[in-house]
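Protein sequences appear in the order of chains S and F. The first sequence begins at 471 in the working numbering and counts up by one. The second sequence begins at 52 in the working numbering and counts up by one.
Hints listed in this document are in silico derivations from the structure and should not be mistaken for laboratory results. You may find that some hints are simply not true.
Cβ-Cβ distance ranges computed for the label pairs, FRET-style [said to hold, decoys possible]: (1) Y871/S to A234/F: 37 to 45 Å; (2) S195/F to Y871/S: 19 to 27 Å; (3) T64/F to V799/S: 49 to 57 Å; (4) T850/S to G196/F: 49 to 57 Å; (5) A849/S to G196/F: 51 to 59 Å; (6) G66/F to G732/S: 46 to 54 Å.
Covered stretches of chain S, as calculated for chain F (at least 3 residues, CB under 8 Å) [stated by the list, open to error]: (7) 677–687; (8) 738–749; (9) 761–774.
Quick reminder that beta carbons are idealized off the backbone N, C-alpha and C, glycines included.
So you can see what is in the structure, the chains are spelled out below.
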Amino acid sequence: MPTIASRARILSDRVAQAAGLDVRLLGMLLVMAVIWLVLHTATGGNFLTPRNLFNLSLQVAVVGIMTCGMVLVIVSRHIDLSVGSQIGFIGVFGALLQNSILPIDGSSTWWIATLAMLSTGALIGLGQGLLIAYAGIPSFVVTLGGLLFFRNAAFYINSGVTVAPLNKTFQLLGGGLDGTIGAFWSWTVCALAVLSVAAMVWRSRQRRSRYGMNSRSIVMDVLLIKVWSAFIIGFTAIMNAYQQPKTNIPMGIPIPVLILIGVTIIMSAIARKHRFGRHVFATGGSSESAELAGIDTRKLTVLVFVLMGLLCGLASIVITARLNAGASVTGTMTELNVIAAAVIGGTSLAGGIGTVYGAIVGALIMQSLESGMILMGVATPLQRMVLAVVLIVAVWIDMAYRKARKS
Amino acid sequence: MTPLVELRNIVKTFGGVHAVDDVSLSLAEGEVLGLLGHNGAGKSTLIKVLAGVFPADSGTILIQGQPVSIRSTRDAKTLGIETIYQTLALSENLDSVANLFLGREMTGPLGFMNEEAMEEQARKTLGRLKLHLPSLSSLVQSLSGGQRQAVAIARAIHFNARVLIMDEPTAALGPEETLKVAALVAELSRQGIGIILISHDIHDIFDLASRLAVMKNGRLVGAVSTADVTQDEVLAMIIAGKMPERPNS
Ligand SMILES: Nc1ncnc2c1ncn2[C@@H]1O[C@H](COP(=O)(O)OP(=O)(O)OP(=O)(O)O)[C@@H](O)[C@H]1O
Ligand SMILES: [Mg+2]
Numbered sequence: 471m472p473t474i475a476s477r478a479r480i481l482s483d484r485v486a487q488a489a490g491l492d493v494r495l496l497g498m499l500l501v502m503a504v505i506w507l508v509l510h511t512a513t514g515g516n517f518l519t520p521r522n523l524f525n526l527s528l529q530v531a532v533v534g535i536m537t538c539g540m541v542l543v544i545v546s547r548h549i550d551l552s553v554g555s556q557i558g559f560i561g562v563f564g565a566l567l568q569n570s571i572l573p574i575d576g577s578s579t580w581w582i583a584t585l586a587m588l589s590t591g592a593l594i595g596l597g598q599g600l601l602i603a604y605a606g607i608p609s610f611v612v613t614l615g616g617l618l619f620f621r622n623a624a625f626y627i628n629s630g631v632t633v634a635p636l637n638k639t640f641q642l643l644g645g646g647l648d649g650t651i652g653a654f655w656s657w658t659v660c661a662l663a664v665l666s667v668a669a670m671v672w673r674s675r676q677r678r679s680r681y682g683m684n685s686r687s688i689v690m691d692v693l694l695i696k697v698w699s700a701f702i703i704g705f706t707a708i709m710n711a712y713q714q715p716k717t718n719i720p721m722g723i724p725i726p727v728l729i730l731i732g733v734t735i736i737m738s739a740i741a742r743k744h745r746f747g748r749h750v751f752a753t754g755g756s757s758e759s760a761e762l763a764g765i766d767t768r769k770l771t772v773l774v775f776v777l778m779g780l781l782c783g784l785a786s787i788v789i790t791a792r793l794n795a796g797a798s799v800t801g802t803m804t805e806l807n808v809i810a811a812a813v814i815g816g817t818s819l820a821g822g823i824g825t826v827y828g829a830i831v832g833a834l835i836m837q838s839l840e841s842g843m844i845l846m847g848v849a850t851p852l853q854r855m856v857l858a859v860v861l862i863v864a865v866w867i868d869m870a871y872r873k874a875r876k877s
Numbered sequence: 052m053t054p055l056v057e058l059r060n061i062v063k064t065f066g067g068v069h070a071v072d073d074v075s076l077s078l079a080e081g082e083v084l085g086l087l088g089h090n091g092a093g094k095s096t097l098i099k100v101l102a103g104v105f106p107a108d109s110g111t112i113l114i115q116g117q118p119v120s121i122r123s124t125r126d127a128k129t130l131g132i133e134t135i136y137q138t139l140a141l142s143e144n145l146d147s148v149a150n151l152f153l154g155r156e157m158t159g160p161l162g163f164m165n166e167e168a169m170e171e172q173a174r175k176t177l178g179r180l181k182l183h184l185p186s187l188s189s190l191v192q193s194l195s196g197g198q199r200q201a202v203a204i205a206r207a208i209h210f211n212a213r214v215l216i217m218d219e220p221t222a223a224l225g226p227e228e229t230l231k232v233a234a235l236v237a238e239l240s241r242q243g244i245g246i247i248l249i250s251h252d253i254h255d256i257f258d259l260a261s262r263l264a265v266m267k268n269g270r271l272v273g274a275v276s277t278a279d280v281t282q283d284e285v286l287a288m289i290i291a292g293k294m295p296e297r298p299n300s
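For reference, chain F alone in the conformation it holds in the complex (with noise of 0.2 Å):
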């Protein structure tokens, strides 16, 4: 089966900085790829080039099979390709409706905004997501970390995702939305939305992701089941960079 993503050998460095280094991975339709490593490993830079924020110095993004160019957050946006950043890129001096519709706003024909369809849509998203705001027009900046993460979640749920990228997804949640995280993860990977859920707790993402990935200094250390592995051996890929040793496989 072709697979939903499939990246190879993406390489982008900053200046001197080999942030990604010759890094190939693919995502299947419905499955939850966690991706692990230390800080500074090159997770967010990995998906970003995935999600169109800047380009690859080299390397193919392939998507069910076919090579695209991702130029741009809007294009990737376009593929289907929706990202929860590790800071959730909110505008803070504008709405939850505001936010949830940035880039991508309901006009009519002059560009003018139907302010009460995007309201109506947002709720009905935020509903389905089981996710709470106390008011849409009560502005970011003055909502709660798990709020904002709801407001961000919200936003690349609501335009029919294929692909959707976490960073981080629950560093600013409690115990109880985190748990819904993960109920929304199970769900969205049930309904054949591939997932990218990248964590350096492997705590976090040991239940809900059904392979590992690990990135060391900017490369792959490799790719595991999470059904074949323990939790010390993927901490042991996160620290030493090896893959665990496997005499019978």
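Chain S on its own, in the form it takes in the complex (with noise of 0.2 Å):
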């Protein structure tokens, strides 16, 4: 017998069915909006200002462009530890290429480290990968090592000395006070993407009704463009808000925030409309039925970790040029960020569910908590254990969540 509660959760979910909503998503960023207001007023009202949310925006880059790609290794039913390692490992190098081997000054130093360190990140992750896809390690065990083996090489090829300073382009990719891009290209952006967004829209029901399927409702694609445009655009008036120290010149969009959003857009493409993170999926629900169905889950598991490397070595990238630094230690217990902040977004360590939306929004949440925790003067060992606590307490929430679901 359903319950009248279980039958108003049905409909509930019909209707942001039909909306084409995801309710769990919905319902992280109420999570969060209440995370907001609290923080806001515990900490006097110092958390929802240009000046915070634009320093939470470029905190939040790094971890975040490492949580897409570790939404697929959860996806698909592995783990990588050494996420960490390998941006403090990446770093060093990248840093040494800079300042040691290329002229410092030079005009193409910048593009050279770049490349290189995105290199590094990528044959890490072959390597990884194929210790697990093809030698049949389990990657808790090959990325633990990779988390020790890298944490040590960032230290041994220099000797645990940091190395810095670095070319000043390269800076430019860690958001500094340069590294954004100002009030016009900020609103040429929020203009662009308001105009995707509603091109978007528009071409899914002009496909939906070429092959003869309903669409959404025209008031709720419209709201959907309107809601969006609001976000782009406050965003971009935040960002904006902010103005240098001691002028009223406008901020903008850092570079590093920039990069994070089209990390996220891209990587939900792969995740949800490419046949890559389709056959991610269908191994992370079922290894075996996905190689019945001819899907190579070896091929597959080896391009996950290449990908993960890869955005660590864009991660490493942003936190170096931002420290203006390359520290050995850079990074350490960040991998810990990167998978509480993909399992508060919902990705199952069971495999085969996640979004990358989803993760990027735990992140957040993750971020926000600890931005809001240091300007309220908490301890920092307080802070780490606070987050602990809702680290667990969120991936309970949503197995109850899940279970309530499912019966």
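Bring the two chains, given one by one in their own frames, into a single complex with the hints.
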């Protein structure tokens, strides 16, 4: 006998589904809104300020970029514990490249270093992926080895000495004082983004009607465009409202945040719309069924780790550029933040379930709590303890939610 | 006439177990071949060799008289051999359309999927087979046994199979759905598709199959025309592993 509550839930699910909305994601956004309001009050109005939101978006970039890759890793029923060490190692390597090998002020130094760092990440992923997929060593073991290996390799290649400074152009990728795109370009990007959203909604309608399928109601689509536009314009306005210190020149969107947004869009498209992503989900759900369907799950696993490594390279570029230094301790324990963000964002450690958008919201929730507690002057150990509790509670709620929906 | 499929002296062992031991069998176009035997007789193992799940230890496979090498399920599918596995082998965490096209998605130039086209095609195939699903976008884990079977069948039929292997296709079905599958098998056989129907329940396939092959302990007891035998004789083949005695044949 369905209870009234479960009927109401089914009904609300139907409505949401008909409207093309992800109930879970909406729930998470709601939780985040509540957290923001609470933190805003608790910090005496210091949380929801342009300055703090600007910094928050900048801080979330590094973890966010890696989280996008971690979602696919976890969905395919693997884990990567080495991502924090990877960004440390790649950072020192990239810094040495700029500082000791290439001319530091050379005009091609920044992009050579960038390419080298990305390739290093991809190569590390390739090596780990091959060991996992073809030698059959569990990913937990391989990447735990990777965690130790690359952290110590980061020390070893420069005897633990921090490498600084870095190339000026390279530094922009970290989103420092000059590493933002300013008011004009921010608004340009904003306008393009709004137009793209509208174009995508319109195209989806067209495609569905071409195949004779029901589209969402036009009212819903218009509302969707409005909500997205409001969000995009609001975000741009906030980034522009934060001004360079002691001036009234707007900062605009930081480059790392643009990178994160780009990575999120691409990775989400890969996860949901690309055959590669489809195969990753199938493999995570049941690798046996995937193999019987003709999917080469080993090759797929290698590719997932290569992608993860590539994103570690990108994250390393951002953090190294922001610190303007390659330090061997960079990224210590970051793997835990990345995994926690993915899991809070609804990625199931049992494999087969997860979304990139959810994981990014997960990363934002974690980062918000951390920044909020810093603003409130909460001691670092206590911050970590709170985050640990949040992680467990979030997974608990998520499990209860899934169970309720299944029954 | 050259048979559509010919298996010659197939051997497959797991560790020390002779799961399939020197089995030779053929299948003609449009023929419905019933493969019978007790649990563990080696039926699934034999058809998995043909489906490319694992290679045989020894033996040859010929398709229309040509020896072929089937090293993967992909190879088998390329040759037009489609399989509905005993476990159905569906991905529970994906929807019906995704399952139907798994491994063979319709994609654009960059490998991005054309989901609308896949949904339309899936709808057509299910309609053609008179199989009905409440919603194509619900995950397979929320479907009933019969609905899952429908997805697995649609997936095997959709890509124009020449050979269709059905491992216990009606195990999870009620009487009405079982009749539907029977009608479908008859229809596909009329279209010239060779069908291997596995069961350990003789009643299931006695009316459907034109020929029956019986396995016991990994070996082929023999193959007979359904018209030439009684159910009791086939039962004796399954249980005792003996061919029926035919004084006049
Ligand atoms: N992957 C495997 N690894 C090891 N042994 C296996 C494997 N698959 C099958 N076997 C063994 O091979 C023998 C034949 O099994 P198979 O599944 O082919 O039987 P079957 O005739 O399909 O039985 P059922 O009617 O129960 O489906 C059994 O002894 C089984 O234990
Ligand atoms: Mg079997």
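Hint check:
1. A beta carbon spacing of about 42 Å between Y871/S and A234/F agrees with the range 37 to 45 Å that was offered as a hint.
2. Distance hint check for S195/F and Y871/S: the Cβ-Cβ separation is about 24 Å, which falls inside the suggested range of 19 to 27 Å.
3. For T64/F and V799/S, the hinted distance range of 49 to 57 Å is satisfied, since their beta carbons lie about 55 Å from each other.
4. For T850/S and G196/F, the hinted distance range of 49 to 57 Å is satisfied, since their beta carbons lie about 54 Å from each other.
5. Our hint of 51 to 59 Å for A849/S and G196/F holds, since their Cβ atoms are close to 56 Å apart.
6. Against the hinted window of 46 to 54 Å, the Cβ-Cβ separation of G66/F and G732/S comes to about 52 Å, which satisfies the hint.
7. Remark: the stretch 677–687 of chain S is confirmed as covered by chain F, as 6 of its residues place a Cβ nearer than 8 Å to a Cβ of that chain, reaching the required three.
8. Check result for the stretch 738–749 of chain S against chain F: holds, 7 residues qualifying (beta carbon to beta carbon below 8 Å, three or more required).
9. With a threshold of 8 Å between beta carbons, the proposed coverage of the stretch 761–774 of chain S by chain F holds, since 5 of its residues qualify and at least three are required.
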